[in-house]
Each structure stands twice: as C-alpha cells, then as structure tokens.
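Participant: What follows is each chain in one-letter form.
2 protein chains.
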Amino acid sequence: MQLEMRMKPLFDELKTRTVDGIQGLYLAIVQDSGSAEVLMTAFMNRRALELTLETGIMHYYSTSRRRLWKKGESSGNIQEVVEAYVDCDGDALLFRVKQKGGACHKGYRSCFYRRLEKNGLKITGEKIFNPEEVYK
Amino acid sequence: MQLEMRMKPLFDELKTRTVDGIQGLYLAIVQDSGSAEVLMTAFMNRRALELTLETGIMHYYSTSRRRLWKKGESSGNIQEVVEAYVDCDGDALLFRVKQKGGACHKGYRSCFYRRLEKNGLKITGEKIFNPEEVYK
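Chain order of the listed sequences is U and V. Per numbering that gives the first Met the number 0, the first sequence runs over residues 0 to 135. Per numbering that gives the first Met the number 0, the second sequence runs over residues 0 to 135.
FYI, nobody ran anything at the bench for these hints, they're computed from the structure. It cannot be assumed that every hint is accurate.
[What the hints assert, rightly or not] Below, in silico cross-link-like pairs of lysine-lysine (DSSO-like), each with a Cα-Cα straight-line distance of 30 Å or less:
| id | chain 1 | residue 1 | chain 2 | residue 2 |
| --- | --- | --- | --- | --- |
| 1 | V | K97 | V | K14 |
| 2 | V | K121 | U | K7 |
| 3 | V | K135 | U | K97 |
| 4 | V | K117 | U | K7 |
[As the list claims (entries may be wrong)] Some chain V residues flagged as far from chain U (calculated, every beta-carbon gap over 10 Å):
| id | residue |
| --- | --- |
| 5 | D19 |
| 6 | A35 |
| 7 | T40 |
| 8 | R46 |
| 9 | L52 |
| 10 | E53 |
| 11 | T54 |
| 12 | G55 |
| 13 | S73 |
| 14 | N76 |
| 15 | K105 |
| 16 | R114 |
| 17 | E132 |
| 18 | Y134 |
Using N, Cα and C, we set each Cβ at its ideal position, and we do this for glycine too.
Just chain U, same shape as in the assembly (with noise of 0.2 Å):
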C-alpha cells in the first residue's frame, strides 16, 4: 500500500494549531525509549510528520528559523523512531526514539536539564557534547 493511502486514516485523525502565526502544526513530544527520559519537544507540519514515517528518522518544522530540520543535520544526533503514539485530541504526538549523543544543542541528553528549586533554576542534566565543537 502506498504510504499516503496507509497514513489517511492517521490525518484524518489530527488537528493542527497556528503557532506564533505559523498554521498547520502537531506538537511532537520526544522520549528515550530505553530510559523514558523526556528530551525535548518540537513543532512538526505535515512534511515533517511525513518525512519522518517514511524515513524512521525525526523531522520537525522550525518555527524560529522558520523551515523544515532534520534533527541531527548538524550535530549528527540523529533521533531514530521506535514507536509514535497520537493523544486524544489529534494535535500531539509522542515519539518514542533511540536518540544519537544528545538531544539539547546546548550540549545535553534532554533539553529538559534544568529543575526548578525554591530559588531558581539548578542543572542537574548531565553535558555529554560540547556545542562549540559540534555546531562549527
């Protein structure tokens, strides 16, 4: 079956938001499908939902640089798809994936490497790259 044909019924199941005047987009919410750790969250229109299914690796639409990112064309961190669950209002999506070095261009597993504490914001995720020598 053609891949447009088998992805109808998944379409036809979503709604997009308009962010920042940006329309047509799902919110992508990405896990570590070892560690279940949160790592980041992204906007996706439908060639970037599109282009992830057909490839198996993520694709998100930049709402600040405002066009379509392969994550990991840059730095290599790429995020392989494991398995993609749809919320139950058709506007999220949650991607389950094995994620390459990081995901956090600042150098971090999870973009999500700050607690909130009584005074503030504390690191506690963990630097694995160093942003200056992978974004050149």
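Fit chain V to the known structure of chain U by using the hints.
Facilitator: Just chain V, lined up with the frame of chain U:
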C-alpha cells in the same frame, strides 16, 4: 521570601508563545513520576503556572474553553507536582506528577493511548474509568 520574588528568576527565563491566537502561553508536558509514562500535554498561562507552583497541583489554560483550568476539577483526577523542569528555550516545562486516576478525559491513564501502526491507530492504553460516570 515572597513567592513572587522566588518565581522572578523563573519568569525571567521563560518565553511565551501565541497558540491559536491566544498570547502568553507555555507548553507543559506531564510525566508520571513513578512509571515515567508521558500522561498529557497542555498549555499554561502565567496565572496557571503561578497557581501550580503555589498549590503544588497542576493548573492549565484551556485553549478550547479559553479559561483557567484546574486539572481534576470535574473528575477529581488531580495531579500533584513532584518535580518541574524547564527546557533550553524556556518555552516548555516538564512536570513529573503523581496522577490520581487517569489523565485522559476519555478514561485512559495517558492521553497517548493510541499507537500508530502500519494501517492506522491502535488502542494500546488501558481504560481505567468510564468518562460518562465521571463527567456528569
């Protein structure tokens, strides 16, 4: 120290988004503090975040009903905050919570109860309450 003063370093770090025409929103991802299951995602405005931190109980801003929303106000299925994390961009928060009952208004523990398979969506979550009995 006043809560307002304690929260200043947090709000200095945060950036809001405009979603479906509603300004001033942060994205919240909610994870079970025990099982690490991702339970749901929703938006918060500043007041919802303040109330969540003041009370230790999750509050959101409903983009469909356009009002502040205490999770569990109808169902009793409240979420107690265990830990909170902020992402690198400061526009998303991750809450690890103790979930009473189920997070999903359809009766499932997690809103991500449908897995994407080759031919469509398959229900993989366990239904733990009857929404018709809970939301009257």
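Participant: Output the indices of the hints that this structure fails to meet, ascending.
Facilitator: 3, 5, 6, 7, 9, 15 and 16
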